[in-house]
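Undergrad: Going down the list, the sequences are from chains F and B.
In this note's numbering, each residue carries its 1-based index in the first sequence increased by 22.
In this note's numbering, each residue carries its 1-based index in the second sequence increased by 209.
Quick caveat, the hints were computed from the structure, so don't treat them as lab data.
Treat the numbers as computed from the prediction; the structure is a model and nothing was measured.
We put the beta carbon where it would ideally sit given N, CA and C, even for glycine.
You may find that some hints are simply not true.
[Stated by the list, open to error] Cross-link-like lysine to any residue pairs, in silico, SDA-like; alpha carbons within 25 Å at most:
| id | chain 1 | residue 1 | chain 2 | residue 2 |
| --- | --- | --- | --- | --- |
| 1 | B | Lys339 | F | Glu43 |
| 2 | F | Lys96 | F | Glu35 |
| 3 | F | Lys67 | F | Arg94 |
| 4 | B | Lys398 | F | Pro152 |
| 5 | F | Lys96 | F | Pro153 |
| 6 | B | Lys398 | F | Gln113 |
| 7 | F | Lys96 | B | Asn365 |
| 8 | F | Lys70 | B | Asn365 |
| 9 | B | Lys398 | F | Trp148 |
| 10 | B | Lys339 | B | Asp386 |
| 11 | F | Lys96 | B | Glu326 |
| 12 | B | Lys398 | F | Glu52 |
| 13 | B | Lys398 | F | Arg144 |
| 14 | F | Lys96 | F | Arg147 |
| 15 | F | Lys67 | F | Asn84 |
| 16 | B | Lys398 | B | Pro353 |
| 17 | F | Lys67 | F | Pro42 |
| 18 | B | Lys339 | F | His41 |
| 19 | B | Lys398 | F | Arg141 |
| 20 | B | Lys339 | F | Pro68 |
| 21 | F | Lys67 | F | Glu112 |
| 22 | F | Lys70 | F | Glu117 |
| 23 | B | Lys339 | F | Val69 |
| 24 | B | Lys339 | F | Asn64 |
| 25 | F | Lys67 | B | Asp387 |
| 26 | F | Lys70 | B | Asp386 |
| 27 | B | Lys398 | F | Arg138 |
| 28 | B | Lys398 | F | Arg118 |
| 29 | F | Lys67 | F | Lys96 |
[Said to hold, decoys possible] Here are some chain B residues the structure puts well away from chain F; computed CB gaps all over 12 Å:
| id | residue |
| --- | --- |
| 30 | Thr409 |
| 31 | Ala415 |
| 32 | Val416 |
| 33 | Gly418 |
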Amino acid sequence: MSPNETGVAPDVELYRLVHPEYHVDWDHDENRWRVKSSAFQNSTKPVKSDRMSVVLGDTLENEGRSPEDARRTKPTWYVVSLTTHFVTSEQQEVERDPIPEEPAHGNVVGAKNPRRRSRFARAARWIVEPPPRTSEG
Amino acid sequence: MTTLQKTIAPRRFLSDTDVTPGWGASSGWTNAAHVVRHDWDDPCQPVGVLDYLAQYAPKGTFWSPHKRWMSPFLTTNVDWSIHRTEGAIVVFASDDPLNVEWLTPTINALNTLLAIEDADEEALSPADPKNVSRALGFLSEALPRNAAPPSFSPLNDGGVQAEWHRGGLDVEVIFSDDPDESGIYVHDKATGEERELPLTRAVFVAVVGNRLNVAA
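Make a model of the complete structure from these sequences and hints.
TA: Right, here's the structure in full:
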């Protein structure tokens, strides 16, 4: 597959960190953890932006790091993945944005309204998910 | 039921000495309740009350009106109370939470959203008390008493997202100042249909019905 304009190929996995308390919910129909759509908001800090932080899978791989290591900067958070192909099909762009604490840092750039965030959530695949639920609640 | 929107003129809070001696203590009402109780001529809505308290109640105010005073709990027969804690948190509580499946978990969850610290650049934003008020007002009108409690998350604009994944539905309800965000979002798992709907009780009840209820 060919890379997009910023050099990220469509099959590259994009890892998104998921807050352990606020961004997971139990699906009572399917008996599994779900990542919430609210995990896919654009950053508003320090200012409102059209960017959502991700960790780029190809950079991780080049550094010999596992997908689970995407949460190096937030070890207590969970991790889900989306493909570059999926997010670009949602009118998003992917950019590389290495930062000192995470050389594999990137951004998914574009507007993310609630319906789009919901589609992100349904498309996301768990890489590091919450522990199995022990009782119905 | 009357409209949830009610304009409330700012009024100063009475000091402790303004409250009739003994009356507050014996009834469990404080000065906040005293003010609200006597400044409104007609039965008021929880949203209005919560907005009022969020703006004007001194921290630590505890308010415990007599049960069944205000709608919508007039109709659901729930005892309730409101207070504002040190972290500028408005809490909506039930004296008899067993009557309503979702109420206590909802209060606790919203309280947590209000207490989020706004310090970490990469972390979450606290919920705006105004949106918490909206959420409580809406849920109190729209949810059956045996509905499962929603799961809440904060939105970066100070909004509040409530959601359920049960009854064959993914249901998200967003309370936000942004009209492009606020609404009811429903995904039917069986058909794959996505719906974006206006944030009204009638729509919620029509679309969701009893599908969010805890299984008997």
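Undergrad: Against each hint, give a clear statement of whether it holds in the structure.
TA: Evaluated hints:
As the CA atoms of Lys339(B) and Glu43(F) are separated by approximately 22 Å, the hinted pair is consistent with the 25 Å bound. Between the alpha carbons of Lys96(F) and Glu35(F) the distance comes to roughly 19 Å, so the proposed pair stays at or under 25 Å and holds. For the hint linking Lys67(F) to Arg94(F), the alpha-carbon distance of about 20 Å falls within 25 Å, and the restraint holds. Distance check on the hinted pair: Lys398(B) and Pro152(F) sit about 22 Å apart at the alpha-carbon level, within 25 Å; holds.
Proposed proximity of Lys96(F) and Pro153(F) is supported: the alpha carbons are some 17 Å apart, at most 25 Å. Taken as a hint, the Lys398(B) and Gln113(F) pair is honoured in the structure, with Cα atoms around 24 Å apart against an allowance of 25 Å. With a CA separation close to 19 Å, the supplied pair Lys96(F) and Asn365(B) stays within the 25 Å bound. Annotation: proposed proximity of Lys70(F) to Asn365(B) holds, straight-line Cα distance about 9 Å (limit 25 Å).
At most 25 Å may separate the alpha-carbon atoms for a hinted pair to count; Lys398(B) and Trp148(F) meet this at roughly 19 Å. Annotation: proposed proximity of Lys339(B) to Asp386(B) holds, straight-line Cα distance about 9 Å (limit 25 Å). Restraint check for Lys96(F) and Glu326(B): satisfied, since their Cα atoms lie roughly 17 Å apart, inside the 25 Å limit. Of the pairs offered as hints, the one joining Lys398(B) and Glu52(F) holds, with about 10 Å between alpha carbons and a cut-off of 25 Å not exceeded.
Of the supplied pair hints, the one linking Lys398(B) and Arg144(F) holds, its CA atoms being roughly 11 Å apart against a limit of 25 Å. At roughly 19 Å between alpha-carbon atoms, Lys96(F) and Arg147(F) fall within 25 Å of each other, so this suggested pair holds. Taking the CA atoms of Lys67(F) and Asn84(F), the gap is about 29 Å. The hint is violated against a cut of 25 Å. As the CA atoms of Lys398(B) and Pro353(B) are separated by approximately 22 Å, the hinted pair is consistent with the 25 Å bound.
As the CA atoms of Lys67(F) and Pro42(F) are separated by approximately 20 Å, the hinted pair is consistent with the 25 Å bound. Between Lys339(B) and His41(F) the alpha-carbon distance is near 24 Å, which keeps this suggested pair within the 25 Å criterion. Straight-line distance between C-alpha atoms of Lys398(B) and Arg141(F) comes to about 12 Å, which keeps the hinted pair within the 25 Å bound. For the hint linking Lys339(B) to Pro68(F), the alpha-carbon distance of about 22 Å falls within 25 Å, and the restraint holds.
Between Lys67(F) and Glu112(F), the direct Cα distance comes to roughly 23 Å. Compliance with the 25 Å bound is thereby established for this hinted pair. Restraint check for Lys70(F) and Glu117(F): the C-alpha separation of about 17 Å stays at or below 25 Å, so the hint holds. Restraint check: the Cα-Cα separation between Lys339(B) and Val69(F) comes to about 21 Å, which is no more than 25 Å; the hinted pair holds. Taking the CA atoms of Lys339(B) and Asn64(F), the gap is about 22 Å. The hint holds against a cut of 25 Å.
For the suggested pair Lys67(F) and Asp387(B), the alpha carbons sit about 18 Å apart, so the restraint of at most 25 Å is met. A threshold of 25 Å between alpha carbons decides the hint, and for Lys70(F) with Asp386(B) the separation of about 15 Å falls inside it, so the pair holds. Between Lys398(B) and Arg138(F), the direct Cα distance comes to roughly 16 Å. Compliance with the 25 Å bound is thereby established for this hinted pair. Note on Lys398(B) and Arg118(F): the hinted pairing is violated, with a Cα-Cα distance of about 35 Å set against a maximum of 25 Å.
At most 25 Å may separate the alpha-carbon atoms for a hinted pair to count; Lys67(F) and Lys96(F) meet this at roughly 17 Å. With a minimum CB-CB distance of about 16 Å to chain F, Thr409(B) clears the 12 Å threshold, and the non-interface call stands. Interface exclusion of Ala415(B) from chain F stands, the closest Cβ pair being 20 Å apart, more than 12 Å. Its beta-carbon lying about 15 Å from the closest one in chain F, Val416(B) satisfies the requirement of being farther than 12 Å from that chain.
No Cβ of chain F approaches the Cβ of Gly418(B) within 12 Å, the least distance being about 16 Å, so the stated non-interface status holds.
Taken one by one, the earlier hints fail for this structure at numbers 15 and 28, listed in ascending order.
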